[in-house]
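Number of protein chains: 2
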Amino acid sequence: MPLTGAEASKTSDASVENAQEIIKAKYVLGCDGAHSWVRKQLGLKLEGASRDVSWGVLDAFPVTDFPDIRRRSIIKSEFGNLMIIPRERKLVRTYVQVSSGLAEIYRASDGDPEVIMQAVRRVMQPYRFDASRLEWSTIYSVGHRYCRELSRYDRIFLAGDAVHTHSPKAGQGMNVSMQDSYNLGWKLASVIHGVAPPSLLRTYHEERLPVAKRLIDFDKRICRGMLEAENTFDEDHRRALVEENTSMSGLAVTYEPNLVIAKPIVRQTNGGEKLNPRVNGHSPLPMQPDRLKAIRLGARMPSALVLSHADSQPHELQRIFQSTGEWNLVIFGGNILEEEQRQRVESVAASLSSPESVVQRMRSRGNLSHHSTIGSLSIYLVHSALHTEVDIGDLPEIFRLPDDDTGFDYGKVFVDNESYHVGGGNAYDEYGISPHGCLVLLRPDQHVAFKGDLEDIGFFEHLLDSIQPEVII
Amino acid sequence: MPLTGAEASKTSDASVENAQEIIKAKYVLGCDGAHSWVRKQLGLKLEGASRDVSWGVLDAFPVTDFPDIRRRSIIKSEFGNLMIIPRERKLVRTYVQVSSGLAEIYRASDGDPEVIMQAVRRVMQPYRFDASRLEWSTIYSVGHRYCRELSRYDRIFLAGDAVHTHSPKAGQGMNVSMQDSYNLGWKLASVIHGVAPPSLLRTYHEERLPVAKRLIDFDKRICRGMLEAENTFDEDHRRALVEENTSMSGLAVTYEPNLVIAKPIVRQTNGGEKLNPRVNGHSPLPMQPDRLKAIRLGARMPSALVLSHADSQPHELQRIFQSTGEWNLVIFGGNILEEEQRQRVESVAASLSSPESVVQRMRSRGNLSHHSTIGSLSIYLVHSALHTEVDIGDLPEIFRLPDDDTGFDYGKVFVDNESYHVGGGNAYDEYGISPHGCLVLLRPDQHVAFKGDLEDIGFFEHLLDSIQPEVII
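Chains Z and E, in that order, give the protein sequences.
If you count by UniProt numbering, then the first sequence holds residues 1 to 473, one letter each, in order.
If you count by UniProt numbering, then the second sequence holds residues 1 to 473, one letter each, in order.
I should point out that these hints are in silico values taken from the structure, not numbers from a laboratory.
Be a bit skeptical, because a hint or two may be false.
Because identical chains share one entry, a pair is satisfied inside a single copy or across any pair of copies.
[As the list claims (entries may be wrong)] Pairs of lysine to aspartate or glutamate, EDC-like flavour, derived with a Cα cap of 20 Å:
1) K90 <-> D391
2) K90 <-> D403
3) K76 <-> E235
4) K220 <-> D59
5) K45 <-> E356
6) K263 <-> E206
7) K90 <-> D404
8) K293 <-> D429
9) K90 <-> D405
10) K213 <-> E17
11) K90 <-> D409
12) K90 <-> E418
13) K90 <-> D311
14) K90 <-> D32
15) K169 <-> D68
16) K24 <-> D154
17) K293 <-> D409
18) K90 <-> E461
19) K26 <-> E326
20) K293 <-> D112
Everything numeric in this text was worked out from a predicted model, so none of it was measured.
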């Protein structure tokens, strides 16, 4: 049966016992947990060792004289190890190592939380540990496993626990799983809407498999640290805990160069000093090694406070970009009151406005497809001139497109100036942007696809061109 | 008919044309606008001059080359004056002075907004001013009037436009009106619940009449500034605009001493140096003239970032205090790791825990009345010792009352320490609190009822005692 778009058809007869249901679909997403049926149909397995260690989990309202009960704490005593995680509504979660004997007793008792309470009390001594209420308990064994294939045929995809299972101790399970789906979402939407080639879907596996591996490695370290070294914290456990507080956040995930992450630009060298390519008749600029240190290819761009040029209202840059499937080109234009810098920005604007630019071809396509934002491109100017000295109406039209309500769009120009009340004026410094400015292309998931100087606009065009579908729908 | 509590009874027969409805109530609140029926029944009038000047108001989506259209702007040109106020959804409100002739034309045209557009265009020239859509328009005359009585018999109260009418230009109408009601709300609830004497209600008029007067005076200045001085801003207009941005916020309202605002403590002088009274056997401390400069009697206490002692989470102090009709005593205890300071705090705690303390009598009453928060008192300790060095379980019990879930309440002790991520550790400095600490009593509306040294606990007791109802219900 020929299928169009993302449509699926199904044949079923619910009135018959043991009825068979046949669903025909272009894509299958297996977000069906650790025992994933989809994964099993593909003949794929979760690989890795399962350690024969059981942990008890208890959600309780504790009554205790332990002074840090409302802080996340790890206790390693001669009687065993446990972890305390304060929760909402005065609840406290406790993870405690339990012997296989105690696990047996717990199961035999039909899950009596008092069994786990006793294990907790043993470790907590000499502190008193009672509970006014026990809300929930369980015992689980740790399995650190992941699947080596996250997709097949660019048609079938696996996400979340279906491809990585681990202990809950690092609090990463839900986060990484949602990030899996977030990575896949815009790619699938783009391909289905015909605004990106099917090969884009291959990057899902390429980008998320290393994340799954790192997650499992990290969880192993956290668990090993919790198990071993009674009464002491070894160096790797300490390091893992520090990483958990810093680099494990979704902002730290960095994807390697691929179809939608550019390689770093290699500059021609001139007597040892790296120079920018000569573009548009402008002089090449010497490269600074620490330039754009905070904007890393493949990682999400950190946020910074900027002001809307038109009304001076402060905005976190990261919140300006919506998760609607559109790409964002951010032109950090520098101080456009300086003649040379103004010309460089106007040159970029002219280039983007040319009918040959991929931007204009994407716009034409958008006009045909009822202005869907999926696969479209928004262009922002973030300059550093004093906003009171620049009239927004004098800026190139590519930064202020026509708007039915107000003549032109006032919402795409921002300025790195200090706000009246809440700081600001440090965005260029925080990002490490030179006075010459730069270009940053953000994917729909806000990972940096490309960064370069204003004269590198050709690289930007090339990257975006390479993922346009062959046939414009 | 005898009525209990706030109950009201009414007699009506809706089935009869021109039916009369009789409502019997203990209290009447007239929040019925500039033409208040309640006010008229009392024979009260709004007093003050009505200037014979008309203003046009226009809500539009402007299409213009005026560069500051998205900023609040006042334009004074040889063709007249206007004010621009950017609104939501790209809307812009414009106030423009119109001649009596133009006002006539507007009325004759049945409110054609194009008439006001023309007045706006005239002032805006040489800038172009069109609109893609006109959403609303009106013409009004300014009346700066207020009523000299805000309540009568402590039974009938007037609030909002019923007691002060003015131009909308300062954007204060809704704010001041809500603050009227907020001032009355907790007082009325306290009297109805029998936890405060009816005389408390007199303070509504005492506190809000000066606010109404100031509002009208301020509005006159803003309007006069807008009317006069074509092409220029006179000094008073500039000053009024600055005040609007700063002191007109609700936080700047300061009530004079009355039943529920203490007079400043007068110290015995000793050879020219002011000393604290000798209380509880402690040495008198020299008074610093700039002490507690940010905590002003009768004004709201500004906020500061503090950490919860138990879990180190940061909190804005102002958000800790709920608007539930309860009073809050904040004990800034200083560095309680120092022996002398610890003893001073324990002395305050002992005093508050004594059966003779008004606190204990209020608690007994609360226990009888099903723990209603109205008219109750919460006690907070904000100390400045390093939180890791103080065990919350060692603090006096008055700061950690029994809690069914967790043994004792972890939520009443805070610390002026730096947080992990978001600053903090400057609360004492910001408030101007000395290392000896201080007491601050906040009314249910968070205005400062009393402030003093830790040894001034007797003054606190006296104030709170004076507003306890004679018969404990």
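Against the structure, the hints:
1. Taking the closest pair of Cα atoms, K90 and D391 come within 20 Å of each other only across two copies (18 Å); inside a single copy the shortest separation is 54 Å, beyond that limit.
2. Proximity of K90 to D403 under the C-alpha cut-off of 20 Å is restricted to the inter-copy arrangement: shortest distance 11 Å between copies versus 51 Å within a copy.
3. When the C-alpha separation of K76 and E235 is checked against a cutoff of 20 Å, the pair qualifies only within one copy, where the shortest distance is 14 Å, while the shortest distance between copies is 70 Å.
4. In this homomeric assembly, K220 and D59 never come within 20 Å of each other (Cα to Cα): the closest approach is 24 Å inside a single copy and 62 Å across copies.
5. In the homo-oligomer, the alpha carbons of K45 and E356 never lie at most 20 Å apart, since the shortest distance is 48 Å inside one protomer and 73 Å across protomers.
6. In this homomeric assembly, K263 and E206 come within 20 Å of each other (Cα to Cα) only inside a single copy, at 15 Å, whereas the closest approach across copies is 72 Å.
7. Within a single copy, K90 and D404 get their C-alpha atoms only as close as 52 Å, which misses the 20 Å cut-off; across copies the closest is 11 Å, which meets it.
8. For the homomeric pair K293 and D429, the shortest alpha-carbon distance inside one copy (10 Å) is at most 20 Å, but the shortest distance between copies (36 Å) is not.
9. Taking the closest pair of Cα atoms, K90 and D405 come within 20 Å of each other only across two copies (8 Å); inside a single copy the shortest separation is 50 Å, beyond that limit.
10. In this assembly of identical chains, the alpha carbons of K213 and E17 never lie at most 20 Å apart, being 43 Å within a copy and 80 Å across copies at closest.
11. Within a single copy, K90 and D409 get their C-alpha atoms only as close as 48 Å, which misses the 20 Å cut-off; across copies the closest is 10 Å, which meets it.
12. Taking CA atoms no more than 20 Å apart as the test, K90 paired with E418 passes in neither setting, with 41 Å inside one copy and 23 Å between copies.
13. Taking the shortest alpha-carbon separations for K90 and D311, only the inter-copy value of 11 Å comes in at or below 20 Å, while the best intra-copy value is 43 Å.
14. When the C-alpha separation of K90 and D32 is checked against a cutoff of 20 Å, the pair qualifies neither within a copy, at 32 Å, nor between copies, at 44 Å.
15. Taking CA atoms no more than 20 Å apart as the test, K169 paired with D68 passes inside one copy only; the shortest distance there is 18 Å, against 53 Å between copies.
16. In this assembly of identical chains, K24 and D154 lie within 20 Å of each other by CA distance solely inside one copy; the values are 16 Å within and 76 Å between copies.
17. Within a single copy, K293 and D409 get their C-alpha atoms no closer than 31 Å, and across copies no closer than 47 Å, so neither meets the 20 Å cut-off.
18. Taking identical chains as interchangeable, the C-alpha atoms of K90 and E461 are never at most 20 Å apart, the minima being 54 Å within one chain and 33 Å between chains.
19. For the identical chains of this complex, K26 and E326 are neighbours neither inside a copy (23 Å) nor across copies (61 Å), given an alpha-carbon limit of 20 Å.
20. For the homomeric pair K293 and D112, neither the shortest alpha-carbon distance inside one copy (54 Å) nor that between copies (58 Å) is at most 20 Å.
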